[in-house]
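Both chains are sitting in their own frames, so use the hints and assemble them into the complex.
Chains A and B, in that order, give the protein sequences. Once you know that position 174 of the first sequence is 174 in my numbering, the rest is easy, because the numbers rise by one and skip nothing. In my numbering, each residue carries its 1-based index in the second sequence increased by 1000.
Take these hints with a grain of salt, some might be off.
[As the list claims (entries may be wrong)] With a Cα cut of at most 25 Å, we get these calculated SDA-like pairs of lysine to any residue:
hint: 1; chain 1: A; residue 1: K121; chain 2: B; residue 2: D1154
hint: 2; chain 1: A; residue 1: K121; chain 2: B; residue 2: E1179
hint: 3; chain 1: B; residue 1: K1253; chain 2: B; residue 2: I1270
hint: 4; chain 1: A; residue 1: K121; chain 2: A; residue 2: T77
hint: 5; chain 1: A; residue 1: K121; chain 2: B; residue 2: P1188
hint: 6; chain 1: A; residue 1: K121; chain 2: B; residue 2: R1150
hint: 7; chain 1: B; residue 1: K1253; chain 2: B; residue 2: M1001
hint: 8; chain 1: A; residue 1: K121; chain 2: B; residue 2: A1151
hint: 9; chain 1: A; residue 1: K165; chain 2: A; residue 2: E179
hint: 10; chain 1: B; residue 1: K1253; chain 2: B; residue 2: G1317
hint: 11; chain 1: A; residue 1: K121; chain 2: B; residue 2: E1180
hint: 12; chain 1: A; residue 1: K165; chain 2: A; residue 2: V212
hint: 13; chain 1: A; residue 1: K157; chain 2: A; residue 2: N226
hint: 14; chain 1: A; residue 1: K157; chain 2: A; residue 2: N227
hint: 15; chain 1: A; residue 1: K121; chain 2: A; residue 2: E145
hint: 16; chain 1: A; residue 1: K121; chain 2: A; residue 2: I155
hint: 17; chain 1: A; residue 1: K121; chain 2: B; residue 2: A1152
hint: 18; chain 1: A; residue 1: K121; chain 2: A; residue 2: N227
hint: 19; chain 1: A; residue 1: K165; chain 2: A; residue 2: E175
hint: 20; chain 1: A; residue 1: K288; chain 2: A; residue 2: A224
hint: 21; chain 1: A; residue 1: K165; chain 2: A; residue 2: T281
hint: 22; chain 1: A; residue 1: K121; chain 2: A; residue 2: V151
hint: 23; chain 1: A; residue 1: K121; chain 2: B; residue 2: G1178
hint: 24; chain 1: A; residue 1: K121; chain 2: A; residue 2: S86
hint: 25; chain 1: A; residue 1: K192; chain 2: A; residue 2: V206
hint: 26; chain 1: A; residue 1: K192; chain 2: A; residue 2: E210
hint: 27; chain 1: B; residue 1: K1253; chain 2: B; residue 2: E1338
hint: 28; chain 1: A; residue 1: K121; chain 2: B; residue 2: E1177
hint: 29; chain 1: A; residue 1: K288; chain 2: A; residue 2: V181
hint: 30; chain 1: A; residue 1: K121; chain 2: B; residue 2: R1187
hint: 31; chain 1: A; residue 1: K121; chain 2: B; residue 2: A1237
[As the list claims (entries may be wrong)] One-sided excerpt, in silico: chain A residues whose CB lies under 7 Å from chain B:
hint: 32; residue: H12
hint: 33; residue: P53
hint: 34; residue: P59
hint: 35; residue: A82
hint: 36; residue: G90
hint: 37; residue: H91
hint: 38; residue: P92
hint: 39; residue: L101
hint: 40; residue: A110
I should point out that these hints are in silico values taken from the structure, not numbers from a laboratory. For glycine and all other residues, C-beta sits at the position ideal for the given N, C-alpha and C.
Listed below are the residues making up each chain.
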Amino acid sequence: MTPDVRNTQAEHTLEFPGGYTRSTGPVIGRFLTELRDGRLVGVRTAAGRTLVPPLEYDPETGDAVTGEFVEVGPAGTVESWAWVSSPHAGHPLDRPFAWALIRLDGADTALVHAVDAGDAKAMRPGMRVRPRWRAERAGHVTDIESFVPDVTMIISKVRTEYRVKPGLSLARFLEGVAEGVLVGCRCGSCGKVYVPYRLSCPECGVAVTEEVTLPDTGTVTTFAINNLPDPRAPEVPFVSAYILLDGADIPLIALVGGVPAHEVRQGMRVRAVWVPEEERTPSMSNIKWFAPTGEPDVEL
Amino acid sequence: MRQVAVVAFAQTRHSADDEGLSEPEMILPVLDEVRERTGLRRFGFTCSGSCDYLAGAPFSFVSALDALGAWPPISESHVEMDAAWALYEAWVRLQHGDVDSALVYGFGKSSQGDLREIMTLQLDPYYLAPLGLDQVSFAALQAHAAGADRAALDGIVWRSRRDGRANPYALDLPDPEGEEPEVGPLRPYDIAPITDGAAAVVLAAGDLAWELCERPAWISGIAHRIEPHYLGMRDLARSASAADAARAAGVGKGHVDVAELHAQFSHEEIILREALELPDGTAVNPSGGPLAANPVMATGLIRIGEAARRILDGTAGRTVAHAASGPCLQHNLVTVMEGQS
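The shape of chain B in the complex, shown without the other chains (with noise of 0.2 Å):
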């Protein structure tokens, strides 16, 4: 196995609204930003991940390539997901030994839609998606098989709304208040806020890594595995795919610094730290997570990022990163990183 690191990132200050910017205006400044950190212009595989639906405009990543400098034609791929399965892709590229860099970067405007209704458009189109169920309200399903005490669930999001206070890029949200259940269990503070932003994140593989950076923060696992689509099909309390990636990329054999979980619903938290077998003495989403930040489509790989960037910054030296995708986290990917000195 090829020694690949998380050697630069960067994200955007997230915004609740459209500020009016296109998505390249939006990706440019965090690729400046990775480019400047690294010195490097030119990359030997480069990666994004965004969703159409998103914008309702097709191939619109493909204009998102405008903030990338895509000439001489460059070697680049794209995944229809969270940027952190093109992360994934861009590891398994550089295993193949031929190049030793890697930008990986994901966007997502979901201010300019409706994201609950954009999201029943990712079911199956025979049994689900012409019922109408909606985003919350599938999650809401899970949330009520996994039988959440709404103690627990409150401590969640006061966590997460209070880190992400004390995080620049995280949306600056008041405590949270009011018991009308958006869908029951949920309320609406349980639900990731709808948030436009990007992320962009540098892989460098082998001598490429030291000399790029002081410390970076080495893969030493990552791993997906998904579950059945349909909900019935499904023991929705758990998350068998999550713990089952989790197992395949070495989460339990080390201490766990600081782990970042793509929880967009406080109750997912909780199966989370379940499936991942996380210790206590583990710092839980510390950024504020995707309840204080959700650019969808970029938010798995912030998870990465977030993880990575504590051990850049000597802070930590084992951290995990999840990212999820698919109807109640059906598909999960884990990322080990650690320092070594």
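Bound-form chain A, shown alone (with noise of 0.2 Å):
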């Protein structure tokens, strides 16, 4: 058979081993000498302008620059950017980043550098950034392993433990949902129906003692649907809801569940839904939470 020669293809790299030997002259070698040092000068134009990074000439005049060096950063100011998002392998960073004109404190040009920055969307015109440095430096433009954004925020972390206990009148409360009771309290200055149990009235700033109990069926007044995820809910998301249990006069916040989130209204019948006896605490997870009954809507 006859090789189909047309279609044949060879491999071949263009390298030259080890690199390329090349002399740096006195302008770009003592920028490159400074940052093997861990700093950045730019050279003044005979103009007085400072270039960054240095040039022999001056890009307005082509004048040979003047032999000033002047130390300029390391923070800068992005310019302008453009984003990779899929790093190619010749590129100083293996995740996304940005490259970006860098003007850095005391030049009059831009450096051209990648900044690390996670997201294309923190990127902005005006952001501060600074040098990432190599440990090990070479005296290459790569010692800067990447610019930085300037830290603009951080993240404070707050933990503190404590030890509660529930008083009076939230005891006798929880003994009351231990058994699958809603203990509520009776005002007898105003009358008023308060749920949870209390020792005194807020409205009269009287003692209240008269206990009474209500039933675990209520009417839902109003309520939130919650998207982010909470410990204590079932699930996301989630009905927190104002129930006004029957015979009281003060609605108690707690859970609706057992319907899509988009179906619970005002109005709506609903019933606590408690966990089975052996498992119950006295606590408000006792009830896992209202569900709604099926009668018809109240007014309110």
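Laid out in structure tokens, this is it:
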């Protein structure tokens, strides 16, 4: 059989083993030498502009630059950028990054380098960046691994631990909850029924003495659909609602479940869903949630 | 100034893939075509433009001479640039007055390597190349600096691809789609396609031009200007060198029927239109331009050829061709051509 030579293909690599040796000259050499020491310098032109990185000539006039070098940066301002979402093998970072034109403080021209900003949304004109130096520096423009955004935000962690007792009234209420009963109270002065149980009437400021037991049925007066997870909620989204227990004057806040979140409405009749008796504790987690009873809605 | 005209132009039917032709095999048909059209077998001067890095072989432009017939010895030169600059060198050579004809050709097979990486090698070896800054990335920096409007860019790509489909030499590319950036803000379709191809132009001076061709495309102005190489030393949103070259070539001295611009990224067309101060009535890249076919090192010469063709065939009176070289439109060559009755 005759081989199909027309479709023959060979791999071919062009490489200069070890790389080219290039002399830097006094201007570029000075920049790279300072870079190795972790410093950034620019060169002054006769007109007084500071070129960073330094060139041998003034790009405006073509005249030779002066011999005056000045330290610039290390911080700088991003003037423009391009976002690389899929880095190539030759790129300085192996994760998405930005190429940017960075004007270092004290410079009149912009340096081109990479900015490790994590996300394209983090990039904005005027963004302040600083170099992230390599630990081992050789006098190469890649001695700066990349620039990184200035610190403009921090995460501060807060965590303290407490030992909490319920107080007399809440303790009495939770005793009831442990037994599957909702304990409230009636004010002897204004006649209002409060739940949970309390020792004084917030309206009248008098001590309350009459304890009442309320049914575990009620009506949703208002509610919120929550889309952020909460350790106390069974699922996302979940509904937290004010439920006016039958016979009470003040609503109780609780979860509503057993119904799609978007079907919960004001005036909906609900009943507490208790956990099995053997699992009960003196805690509101005894009530899994309030679920619709199926009764007609109530006009509020 | 000696009057010099484009009297013939030919280009390959460009290809998105390597069709298995060597460079001389790709060049020979276009050389034959301009030889046939002009009746000339020998030229006073020959100049070519190409880049050895495209083939990854040193002196590959020398082996391309196999398509030429270089014995007995001919007067020949080469630029390691787009062949538009070879045409400029030939134009200068014709100004000497001792020869009357010149053959110019350019070629490139950019499908053979990774063009993005190859173009990194044109950057300075101290500050830019070591970063691995690739061609699409530096173009994206310019697109962002120019603040190009997305709808305007999309319009340029749609028009270029539609015109390219009507041009038998350009690639048959579908309408652009997709929003995923290649290097943000550039999308894959904002970038000229990888293309293999070649082109040839014959220049003739004075009376010879009238002998070879019914309606020569007389070069009334030609100039090139360059800016600093380092990107951070320039205002990337504008092309000062293209504007200077356009003024020196006299673009604004008359109406412009057609402008062929060497815009390899959609935003470059916006920058160049502004720099060349092209009036609204000018048809820009009716060939589809580089966004429809980009045989690197021939693309700029093709702009001159396409702009000249419209004078040669009598459909335009005055045209402008632009060629670019270097990162982010660093170096620009502008040619103005006119027909004479």
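Do the hints match the structure? See the list:
1. A:K121 x B:D1154: holds, 23 Å
2. A:K121 x B:E1179: holds, 16 Å
3. B:K1253 x B:I1270: holds, 21 Å
4. A:K121 x A:T77: holds, 17 Å
5. A:K121 x B:P1188: holds, 20 Å
6. A:K121 x B:R1150: Since the Cα atoms of A:K121 and B:R1150 sit roughly 18 Å apart, the hinted pair holds (cutoff 25 Å).
7. B:K1253 x B:M1001: holds, 18 Å
8. A:K121 x B:A1151: The hint holds at about 21 Å.
9. A:K165 x A:E179: holds, 19 Å
10. B:K1253 x B:G1317: holds, 13 Å
11. A:K121 x B:E1180: holds, 15 Å
12. A:K165 x A:V212: Holds: A:K165 and A:V212 sit about 23 Å apart, inside 25 Å.
13. A:K157 x A:N226: Cα-Cα ~24 Å, so holds.
14. A:K157 x A:N227: Answer holds: A:K157 to A:N227 is near 23 Å, not above 25 Å.
15. A:K121 x A:E145: Given that 25 Å is the threshold and the Cα spacing comes to 21 Å, the pair holds.
16. A:K121 x A:I155: Distance of about 19 Å is within 25 Å: holds.
17. A:K121 x B:A1152: holds, 23 Å
18. A:K121 x A:N227: At roughly 24 Å apart (the allowed maximum being 25 Å), A:N227 and A:K121 satisfy the hint.
19. A:K165 x A:E175: Given that 25 Å is the threshold and the Cα spacing comes to 13 Å, the pair holds.
20. A:K288 x A:A224: Holds, at roughly 17 Å.
21. A:K165 x A:T281: holds, 15 Å
22. A:K121 x A:V151: holds, 16 Å
23. A:K121 x B:G1178: holds, 20 Å
24. A:K121 x A:S86: Satisfied, since the Cα-Cα distance of roughly 16 Å is no more than 25 Å.
25. A:K192 x A:V206: holds, 12 Å
26. A:K192 x A:E210: At roughly 11 Å apart (the allowed maximum being 25 Å), A:E210 and A:K192 satisfy the hint.
27. B:K1253 x B:E1338: Distance of about 12 Å is within 25 Å: holds.
28. A:K121 x B:E1177: Status holds; Cα separation ~23 Å.
29. A:K288 x A:V181: Within the cut-off at roughly 14 Å; holds.
30. A:K121 x B:R1187: The hint holds at about 17 Å.
31. A:K121 x B:A1237: holds, 22 Å
32. H12: holds, 6 Å
33. P53: A:P53 check passes; min Cβ-Cβ to chain B is 5 Å, inside 7 Å.
34. P59: Where the cut-off is 7 Å and the nearest Cβ of chain B is about 4 Å from A:P59, the hint holds.
35. A82: With Cβ-Cβ at 3 Å, under 7 Å, it holds.
36. G90: Status holds, d = 3 Å.
37. H91: holds, 5 Å
38. P92: Check passed: Cβ of A:P92 comes within 6 Å of chain B, closer than 7 Å.
39. L101: holds, 5 Å
40. A110: holds, 3 Å
Violated hints for the displayed structure: none, as all numbered hints are satisfied.
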